[in-house]
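Let the hints inform the model, and build the full structure from the sequences given.
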Amino acid sequence: MANHVLLDNISHKDLKVITERGAKWGDTISCTAIFPNEFTKVQAQQPIVFRKHPNTGQFEALALFGFENNENLLLDEQGNLSLNYLPLSMQRQPFLIGQQTQYNQGIPEQSLVVHLDLDSPRLNQEQGEAIFLEHGGNSDYLNHIAQVLNTLHIENQALPAFFEQLLALNLIEAFSIEYQQKNGEKVTVGGFYTINQQVLNTLNGEQLQKLQQGGYLNAIYMAIASLEQIPTLLKNKWAAQ
Amino acid sequence: MATSTINHIVIIGGGSAGWLSAGLIAAQPHLTHNAKVTLIESPNVPTLGVGEGTWPTMRQTLKTIGISETQFIRQCDASFKQGSRFDGWCHDAKNGESNEYYYHPFSLPVAYQSLNIAPYWFAQHNAVSFSHAVSSQTYFCDQNKAPKTHMHADYQTHANYGYHLDAGKFAQLLQQHCVDKLRVNHIISHVDEVISDEDDYISAVQTSDHGLITGDLFIDCSGHHGRLIDKYYKVPLQTQDHILFNDSAVAVQVPYADDEQEILSYTKATAQDTGWVWDIGLQSRRGVGMVYSSKFESTQGAKDKLINYLNTTQSDLDLSKLTIRELKFTPGYREQFWHKNCIAIGMSAGFIEPLEASALVMVELSLNTLLANFPTNRKAMPQLAKRFDQQTHYRWQRIIEFLKLHYVLSTRTSEYWQAHKAPRSIPSALIDNLALWRYQSPWLNDFDRAQEVFSAASYQYILYGMKQLPQFPQMKMPAAIIEHFTNSQQDAKQGLAKLPTNRQLLNHIKKFGLQPI
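Chains L and U supply the protein sequences, listed in that same order.
Residues 0 to 240 in numbering that gives the first Met the number 0 are what the first sequence spells out, letter by letter.
Residues 0 to 516 in numbering that gives the first Met the number 0 are what the second sequence spells out, letter by letter.
Careful, some of the hints might be misleading.
[Unchecked claim] With the C-beta cut set under 8 Å, the calculated list includes, among others, these residues of chain U facing chain L:
| # | residue |
| --- | --- |
| 1 | 370 |
| 2 | 373 |
| 3 | 407 |
[Unchecked claim] Straight line, CA to CA, 25 Å or less: simulated DMTMM-like cross-link-like pairs of lysine to aspartate or glutamate:
| # | chain 1 | residue 1 | chain 2 | residue 2 |
| --- | --- | --- | --- | --- |
| 4 | L | 234 | L | 163 |
| 5 | U | 509 | L | 70 |
| 6 | L | 51 | U | 490 |
| 7 | U | 510 | L | 108 |
| 8 | U | 510 | L | 172 |
No wet-lab data here; the hints were simulated from the structure.
Where a beta carbon is used, it is the ideal one built from N, C-alpha and C, also for glycine.
Structure follows, in structure tokens:
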């Protein structure tokens with residue numbers, strides 16, 4: 000499956016990355032991970048839901064594209080994906096954050112490095128953005144990617160505190176999306192969580208202030224507002240049926 | 000006497016019983032609104048470290064007190080317990096080897112809420128054991144699976160479960176939580192003297208370092224020596240060693256061979272000629288001990304049997320590194336648990352051998368009874384005390400009968416086991432029930448209290464685990480019943496595919512924790 004290697008300007012000097020989005024570039028996905036600082040932009044285009052990560056059981060936030068595995072209801076008829084805002088977790092592709100252990104006078108130190116997914120269909124030598132300049136320097140594109148990866152790392156570190164605070168205030172509740180197929184069949188997609196608005200409405204000034212100071216209050220309202228995107232996705236689903 | 004309202008609740012003793020009492024009482028806002036809670040603990044009293052097994056009730060207890068399961072698992076060296084397994088209880092071992100065992104899982108038999116499935120199992124008893132036929136959990140125990148996955152929230156279950164825990168660490172966690180979060184007043188001092196008023200109600204205790212501590216209600220959690228109930232009020236212990244002979248134990252803490260060794264997801268109880276051996280898997284070690292009757296076994300003999308057992312479970316065990324502790328106890332319970340304004344909870348109230356882990360659950364049940372009958376005024380105490388005593392006596396009697404059941408059905412031939420079968424050693428209520436169960440299956444009407452300690456399900460697991468089938472007309476098997484049995488097997492299959500092992504889930508919780516929802 001995934002074939003992740005450390006990026007270097009010798010083995011990968013001629014590689015280019017196709018930054019177009021669409022089905023043929025691996026965007027037939029039903030969701031992507033997002034972070035609270037992205038909620039404002041995401042809510043204008045997609046539903047935001049929370050779920051427990053299947054490996055860690057820890058909460059994460061997702062922007063939804065569809066309701067079934069490998070269902071992207073925002074792809075157009077040609078299979079292209081045009082989003083006003085592309086979440087960081089997609090912008091980074093096909094690069095990833097890797098960790099490297101370096102020894103400083105015998106003491107192991109973890110440092111972050113850029114990894115590359117060699118199996119990505121975006122990689123080729125003909126078209127797209129060059130990763131390296133002719134003489135081995137970083138392209139502007141790679142510098143941008145490094146920034147994206149760095150932001151992702153910081154957001155990732157900050158995410159547990161966001162959920163911790165929401166959970167401490169009982170602000171998260173389980174919910175499922177129920178919809179009807181065009182043929183009348185009822186479907187329930189479970190395992191999602193969202194903001195409990197009833198609890199939110201009963202928070203006192205001190206609690207709200209704390210959420211605001213953490214920068215979480217805006218994200219909370221954006222997550223609530225984003226649920227209005229569910230009917231839009233469903234309309235696309237019916238249109239395709 | 001200035002006032003007869005209850006403004007100060009004083010708990011004597013800082014073990015699991017004392018801190019559970021403090022936690023459960025202090026977590027009731029309607030009580031602590033008017034009353035404060037103080038716990039007085041003697042310095043340097045080693046906790047006994049028994050009661051390392053809990054019932055599923057502990058999940059609700061911890062939730063009520065306000066401790067998260069993740070925190071509990073991390074701080075108490077705790078692991079998941081899904082029931083008990085009894086090895087070698089039916090027959091004598093052949094050539095020192097015994098392959099026969101049965102389970103008493105925590106999950107109720109399939110369809111228990113709507114019907115009694117046991118009679119339909121009789122026809123297939125040669126093909127599948129009772130617990131395997133009616134409880135998918137039995138299969139999880141066979142493979143030391145956890146009762147849930149990392150996607151479940153704190154206290155949420157796939158299969159019903161309790162815990163194995165380190166009692167010393169448990170008391171520490173409860174203490175920290177009670178003091179920091181529930182504002183329990185903690186005093187470390189010796190109780191030198193008990194002071195009572197003209198009605199012989201305790202008005203205060205004199206402590207060596209903190210002077211006089213006055214109170215309105217005193218809870219004696221001081222362990223077997225019963226600082227208030229025994230030493231002060233001299234309420235006698237009703238000994239039960241004529242029914243359950245075990246009065247001694249030798250116990251040892253055993254490290255795991257490596258980080259991969261399976262952690263048992265049940266308490267394993269292995270029968271010996273003069274008692275039985277418990278084997279409890281915590282996260283970091285096993286707790287193993289032999290409980291026996293001093294009338295039938297010497298301390299050295301018990302140690303030998305314990306070591307023998309250890310050698311069968313782990314081949315390369317370095318015995319020289321293990322310290323075997325010796326324990327003595329008098330099986331029995333108080334004539335009264337609530338006397339005047341003093342209530343005994345925990346070992347001060349009574350103690351019986353650890354079979355079926357009744358110690359901590361009795362603490363929880365007693366506290367729930369107390370909370371449901373909490374006195375707001377001293378004048379209400381005599382009536383509440385009477386009710387509390389009746390309820391608690393009933394529970395002790397049922398526990399003793401249920402424990403006795405494990406012995407009387409055995410065909411083991413040693414003197415100890417034969418003595419257990421002597422009719423004069425068997426409570427009459429159990430004799431009656433056994434006579435009834437020769438012709439029908441234990442069911443709800445046999446146990447009619449709202450809060451029974453052991454349900455008919457538990458009796459079925461023991462009776463049929465020991466292959467005590469009633470003389471029963473062959474039952475036709477309706478399709479709906481076949482479906483219940485099939486569903487149970489299906490549940491087992493699905494669970495086995497999805498559930499991590501006990502050790503895997505515990506490692507995950509240590510690393511990531513579980514979510515509160």
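Numbers of the earlier hints that this structure fails to satisfy, in rising order: Violated hints: 1, 2, 3, 4, 5; rest satisfied.
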